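Q: Given next are the chains, with one letter for each unit.
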Amino acid sequence: MSEMLEKLLGDPWDPANPVNHAAVVAADERQEMFAEGERLLDEYGLNAEFVPVAFGGRLTGVDRLVRVMRSVWRRDPALGLGYGASSFIASVNVWAAGDDGQRRAFADLMLANRKIASVYHELAHGNDFARAEFAATPGPGGRLLLNGRKEVVTNLERADSMVIFTRTSDEEGSRSHSQLFVHKADLPPDRMTYLPRFPSSGMRGVQLGGVVFDDCPIPDGSVLGTPGRGIETALCSFQLTRTALPSMMVGVVDTGLRATLRFATARALYGRSVAAIPQVRSILAEVYADLLICDAFGTVAARALHLLPRETSVYASLVKYVVSKQLIDAMDRLSLILGAHFYIREGVYAVFQKLLRDLGVIGFGHAARVACLATVLPQIRQLARRSWLTADEPPAGLFQIGGELPPLDFAALTPSAAGRDSLSTAVLPDAALPGEVAVLAGLFADELGLLKQDAAELRPRDLGVDASPEALRVAARYATVLAASSCLNVWRAGGGDPAWVVAALTRLAGQLGRGSGRLPEAISRRLFDELLDRHGENRGFDLAGLPLPG
Amino acid sequence: MSDSADDLRGWLVQRVASYLEKDPAEISTSVSLTKYGLDSVYAFVMCGDIEDHLNVTLEPTVAWDYRTIDALAEHLDTLGGR
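First to last, the sequence lines map onto chains A and B. So the first sequence is numbered by my numbering: it starts at 1 and just counts up by one. So the second sequence is numbered by my numbering: it starts at 551 and just counts up by one.
Think of the hints as simulated: they come from the structure by calculation, not from any bench. Be aware that a few hints might be false.
Here chain B is said to cover these stretches of chain A; the calculated rule only asks that three of the stretch's residues, wherever they fall, bring their Cβ under 8 Å from a Cβ of chain B [unchecked claim]:
hint, region
1, 173-185
2, 274-286
3, 381-395
4, 461-467
Derived SDA-like pairs: lysine to any residue, alpha-carbon spacing no greater than 25 Å straight-line [stated by the list, open to error]:
hint, chain 1, residue 1, chain 2, residue 2
5, B, K572, A, D466
6, B, K572, A, P460
7, B, K572, A, V465
8, B, K585, A, K452
9, A, K452, B, I600
10, B, K572, A, R461
11, A, K452, B, V606
12, B, K585, A, E172
13, A, K7, B, N605
14, B, K572, A, S468
15, B, K585, A, V465
16, A, K452, B, L604
17, B, K585, A, Y44
18, B, K572, A, A135
19, B, K572, A, P227
20, B, K585, A, S468
21, B, K572, A, D462
This structure is a prediction, so every number in the text was calculated from the model and none was measured. Idealized CB from N, CA, C, for every residue including glycine.
Using the sequences and the accompanying hints, generate a full structural model.
A: As structure tokens, this is what we get:
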């Protein structure tokens, strides 16, 4: 399926391709969505990727969805967000909490190439959605009336329908909010006013709008699920989006790496190609290793949504935390190689600066990085007590890239993992590991032991919003162990040359202060050669390494 | 309320006081826990502690639905199997 989409969109470096990088950059300069790209995605029926097979779409595995969407993100993140992610975010609430009629209505809109906005954000409250003020209250006839404002919402104006997060009770606590599924055609036009677009440094073509509702009545039957369950619905269903979206953005760094390789192999400095400079080669090898870390952790977490849905409240937040940082750092390091060319908004490498600006949303959009740690912290003592170093092995299928998966069961997702985590303990080395890999795995096993002690010593106040930086660091270190376990076990399951897993674990160990994170010369050379091969053969830089058009 | 519910209430008061680093005497059993600043995710900490204390399995959202110590103690008392 991703092959079909790749073929349709063609080689983005081909000057004759109407949807090449230059056309994407030109649309960004005009601050417009990339119209020709949207037309092709309509032709392909991209929305069907977000619709479960049971409702007529093509959504089966979340890992597969990620692979398809990387084809979009690696060309134009504005399409990734403005064509794709926005409706995807709205959809998971509906699959998780909607009744059959609501789910069918949503699916029908999606399959007709319509847009649906996910209307959550209130600037004043950010990720603290328990304090969101936007309200739906019963009016005189018993009908719900909407009042309040929502800001920086993707596709708000051009969407036909909206999934709106709203307070539905004055009571404090976590049973006072709900999601509504509302069609604009059912609303009186004079009760809803759009706010001007919010100027932004990236995603400049994407509609980022706002809206004010003033006593706006909505039809009966608009609430998704049981009224008051909205926070639970969000915490459960957003496990899909928090896992999948950062992992899709691996495609952005794929292009960043490709642009930098083109530059480094084409440009001569000091009488040789830039790619011959040892420092450049080692940066490229390290960025490649970091990309593989993101792919391994993201893919394992995506598969966990199917295989271990009661554990994913933790993995989803920590994938978002780890992958967002890795990808942003990767682009920053690549920009150093490009020098002035990462800064210039025209010419063959101009796509890089656009990708860099667009990628910024990964750090704060749909849950900020620190909010992701704060989601996990309250669970951390339980996780340590009940699972760390002692959990049973996860199912083998968790690590089989591309392997069959059971259908998603939204009802199995829970807002807390309740101490269940079988991924971290899987980092423990065994006798079958080659020496170099076993030594590295041992570092993370040791770290998990230390984390277990540190978690037990956390004070209660460190588990909530007043958490100290040290407490947040416990959650961050734990995230690194999960990423390491993902890499190790994906390699264990797939076999082959251990160079990449040695590189990945070396990089992750460096983040724990165990070694510098620099790759040993021999490993660096192996990764750089592999990178050049894949670039030459025009294959993806992720674990699957599939052929690309061109 | 039964004796065991009373015991539970006392234990919950101690737990909540320790979360808040306050004197147990300052904790009222009839005030909503959110009023004390125990937010939505903090309920998961409490749920885990209750599970370990009573050796039961609870919905992680139990403290969202039973929002005072009194309500929680009474609910836990009716669960049985303790």
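Q: Give a verdict on every hint.
A: Against the structure, the hints come out as follows:
Counting residues of the region 173-185 of chain A whose beta-carbon sits less than 8 Å from any beta-carbon of chain B gives 3, enough to reach three: the coverage restraint holds. Residue count for the region 274-286 of chain A with a Cβ under 8 Å from a Cβ of chain B: 0. That is fewer than the three needed, and the coverage hint is violated. Given a C-beta distance limit of less than 8 Å, the hint that chain B covers the region 381-395 of chain A holds, as 3 residues qualify and 3 suffice. Three residues within the 8 Å Cβ limit are the bar, and the region 461-467 of chain A against chain B gives 4, so the coverage statement holds.
Restraint check for K572 (chain B) and D466 (chain A): satisfied, since their Cα atoms lie roughly 15 Å apart, inside the 25 Å limit. Between K572 (chain B) and P460 (chain A), the direct Cα distance comes to roughly 12 Å. Compliance with the 25 Å bound is thereby established for this hinted pair. Between K572 (chain B) and V465 (chain A) the CA atoms are separated by roughly 17 Å; this keeps the pair inside 25 Å, and the hint holds. Note on K585 (chain B) and K452 (chain A): the hinted pairing is violated, with a Cα-Cα distance of about 31 Å set against a maximum of 25 Å.
Only pairs whose Cα atoms come within 25 Å are accepted, and K452 (chain A) paired with I600 (chain B) is accepted, the gap being roughly 20 Å. Annotation: proposed proximity of K572 (chain B) to R461 (chain A) holds, straight-line Cα distance about 11 Å (limit 25 Å). With a C-alpha separation of about 23 Å, the suggested pairing of K452 (chain A) with V606 (chain B) holds against the 25 Å cut-off. Taking the CA atoms of K585 (chain B) and E172 (chain A), the gap is near 8 Å; set against the 25 Å cutoff, the hint holds.
Our distance criterion of 25 Å between C-alpha atoms is broken by K7 (chain A) and N605 (chain B), whose separation comes to about 56 Å. Taking the CA atoms of K572 (chain B) and S468 (chain A), the gap is about 19 Å. The hint holds against a cut of 25 Å. At most 25 Å may separate the alpha-carbon atoms for a hinted pair to count; K585 (chain B) and V465 (chain A) meet this at roughly 15 Å. Among the hinted pairs, K452 (chain A) with L604 (chain B) is consistent with the structure: their alpha-carbon atoms are about 23 Å apart, no more than 25 Å.
Distance restraint check for K585 (chain B) and Y44 (chain A): the Cα-Cα separation of roughly 51 Å exceeds the 25 Å cut-off, and the hinted pair is therefore not satisfied. Under the criterion of a C-alpha separation no larger than 25 Å, the hint pairing K572 (chain B) with A135 (chain A) is inconsistent with the structure, at around 34 Å. About 34 Å separates the Cα atoms of K572 (chain B) and P227 (chain A), which puts this hinted pair outside 25 Å; it is violated. About 22 Å separates the Cα atoms of K585 (chain B) and S468 (chain A), which keeps this hinted pair within 25 Å; it holds.
A hinted pair counts as satisfied when its Cα atoms are at most 25 Å apart, and K572 (chain B) with D462 (chain A) qualifies at roughly 15 Å.
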